[in-house]
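Asker: In the order they appear, the protein sequences are chains A and B. Mapping the first sequence onto the working numbering, position 210 (from 1) lands on 409, and the numbers just tick up by one. Mapping the second sequence onto the working numbering, position 219 (from 1) lands on 291, and the numbers just tick up by one.
A few of these clues could be false.
Claimed, not checked - Derived pair list, reagent style EDC-like, types lysine to aspartate or glutamate, alpha-carbon separation capped at 20 Å:
{"hint": "1", "chain 1": "A", "residue 1": "382", "chain 2": "A", "residue 2": "489"}
{"hint": "2", "chain 1": "B", "residue 1": "213", "chain 2": "B", "residue 2": "245"}
{"hint": "3", "chain 1": "B", "residue 1": "213", "chain 2": "A", "residue 2": "434"}
{"hint": "4", "chain 1": "B", "residue 1": "181", "chain 2": "A", "residue 2": "439"}
{"hint": "5", "chain 1": "A", "residue 1": "271", "chain 2": "A", "residue 2": "291"}
{"hint": "6", "chain 1": "A", "residue 1": "271", "chain 2": "A", "residue 2": "302"}
{"hint": "7", "chain 1": "A", "residue 1": "271", "chain 2": "A", "residue 2": "506"}
{"hint": "8", "chain 1": "A", "residue 1": "382", "chain 2": "A", "residue 2": "405"}
{"hint": "9", "chain 1": "B", "residue 1": "213", "chain 2": "A", "residue 2": "537"}
{"hint": "10", "chain 1": "B", "residue 1": "213", "chain 2": "A", "residue 2": "536"}
{"hint": "11", "chain 1": "A", "residue 1": "382", "chain 2": "A", "residue 2": "483"}
What the hints contain is simulated information worked out from the structure, not anything from laboratory work. Here the structure is a predicted model, which means the values were calculated and not measured.
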Amino acid sequence: MSGLSQQAPPTGDDRSSPVAPAHAGRRASAERMEAGHRSASMQVKVSRGLVRGLPLLWLALFFLVPFAVTLKISFSSPATAQPPYLPVLEWDGGLEGWREFFEALDFQNYQMIAADALYRDAALSSLGYAALATAILVLIGTPTAYAMARASARWQPILVALVIVPFWTSFLIRVYAWIAILKPEGLLNAALMKLGLIAAPLPILDSPFGVLIGLTYAYLPFMVLPLYAVMSRLDPALTEAAADLGAARARAFFTITLPLSLPGLAAGALLCFIPMVGEFIIPDLLGGSETLMLGRVLWSEFFSNRDWPLASAVAVLLLILVVGPVVLFREAELRREEAAEGGGR
Amino acid sequence: MHASTSHPEQRLRLERVTKRFGTHTAVDAVSLDLAGGEFFCLLGPSGCGKSTLLRMVAGFETPDSGAIRLDQTDLTALPPHRRPVNMMFQSYALFPHMSVAANLAYGLKGLGLSRVQSAERVRALLRLVRLEGFEARRPEKLSGGQRQRVALARALAREPRLLLLDEPLGALDRALREETQGELRAIQRRLGTSFVVVTHDAEEAMALADRIGVMERGRLVQVGPARELYERPASRYVAGLLGDVNLIDGRLGRPEPGGIRSVETALGFLRASGEGEAGNPVVVAIRPERLVVSGEGAGLQGRLTEATFLGDRIRYRVEMANGSTLRASAALPAAGPVPSVGETVAVAVPADAARILPA
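Chain A with its partners taken away, still in its complex shape (with noise of 0.2 Å):
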């Protein structure tokens, strides 16, 4: 604190200082007040250029540049060294270094995924598992959120505030708790076993029921939001009309609701599958160590065999697999607009 003290000048400007002369206090600030104009044009242009850059560094330095790491761990082999994988780029080297790293990089690592039957069950069980799980998440959320969207304008905010307050706790410790509930001994069990519906503890933690109930558990306020989000938001004369014109609940819920809410639908849809393609806390809780999914293989590529390169590998064709879903989503939304931009005519 004294050393700062010592080193800034004295309080007030240079003007009123008495060590410099007046004029030069004055031509000192005519010349701040025009770097003062000259910075505030480059103010705007810079935090215009900030405005648009920014998502893309971010995207760039979050997502491309380890991305690309990625892409070439996936690429390089395996070694027993620091780290362990070959080769490295050696920046010293030149153009032969440039040469020579590129041409050890090759496409092992992918040839032994498709060799092996291990990962290709593993993605369609991650898949299969995936898609189950969507579509439970689509019976249950979709009644849910039209529940809520038809709630009272008092109760809404609440229901809302009561899908939301689950995220307050850490994910790892409410998936953990469905342990204590899941397991022979557990809560679920024994609730059954009192009420007589079944006569020895059925084993549902470390089966790919357990995942399910997991997953369907852990992603339903992605299916309820976006779905809420758009229901709510439909003109309750809507359903009014068709009751009007003789529709009952049902019909009115299936030829006016929910084709409204299709947007929603697919929008939680996907915001469930494809986190779920890859979850690796769920099944290594609640699935026991038969539990196939990629998500869990990566890991221990990684950790249990500290083989990055197959890890990464695993990683990239993981990748591959979700933006599928995203891809085709997009590709039918935007034939839905060019339908719905021709059928007007």
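Since the structure of chain A is already known, use the hints to place chain B on it.
Answerer: The following block gives chain B in isolation, referenced to the frame of chain A:
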């Protein structure tokens, strides 16, 4: 005039229908008897309960007490999709993901029509509202007036015994509104279906309806043909709702022969028609066009402060001796002088045009 005998199945009866929202009574013991084939208008400002009443007839709200009957059928407990009543919504509520034809055909399902019959009905509806050729359009590709006509046609598709219309012309601009009023009347006459329209626009109500029911804070305060309500309003509220009116406070004098009463007001004694107990405070209501303003002659003395030329008539403002202002309007005389601003004028109040209302 009302075709009550020809359409008994369209006779709507409300019996002391009441609806409360919390502590607020939206509709307060409304009883009403509508003849079949009638064009009826519920008139009142927003929040007077007219829309709630309409929604109870449609089935979207349940009355807390009272009954709604259509001829012999008690509608009160029927859900909306089982009522032989259709509604045209203020927002039109057209299904945005369906074509015009699909919107019109939506209500035909479950009526037991064959595919050919349905298509024929849709074509007939399109003809009725002059929208042939628009069947494949989506609602968003239609103009406001076209949407209004699709909404009307869709509400008529099931051939309802009673059609409810919630501010049917509210979303249209002025010019289109007048044209559509005529169309709506013509369609109602042609079909013979009872129409019940809700509106806050008195001029629209008068242009459309056989009878008007005026609502004030949940109550139905007066029912009658437009002219009757205009000339013989039951209260200052009804008088003010149906057009411009001069209201003069006073005290009622003794009955005189001929049904004309004398009222003591700040402007002097006025002769007016109406009932009441002598000595009671009352209001004398008189329409501007019934006041006679002249340069000289009998009447209340005042000073002309404003004369506005409106083409087909002149609007006057006359300042009276006590500082109050009377508004008068008169057809332009073919010839002769018109009183000019600043002059002293006489305002004659015809006894048959001055109505005595409760204060």
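Asker: Now look at each hint and say whether the structure bears it out.
Answerer: A quick look at each hint next to the structure:
1. A:382 with A:489: Holds. Residue 382 (chain A) to residue 489 (chain A) sits at ~16 Å (cutoff 20 Å).
2. B:213 with B:245: holds (18 Å)
3. B:213 with A:434: holds (19 Å)
4. B:181 with A:439: Satisfied, since the Cα-Cα distance of roughly 16 Å is no more than 20 Å.
5. A:271 with A:291: Distance ~19 Å between residue 271 (chain A) and residue 291 (chain A) Cα, so the pair holds.
6. A:271 with A:302: holds (12 Å)
7. A:271 with A:506: Roughly 14 Å between the alpha carbons, so the hint for residue 271 (chain A) and residue 506 (chain A) holds.
8. A:382 with A:405: Holds, at about 8 Å.
9. B:213 with A:537: holds (15 Å)
10. B:213 with A:536: holds (14 Å)
11. A:382 with A:483: holds (14 Å)
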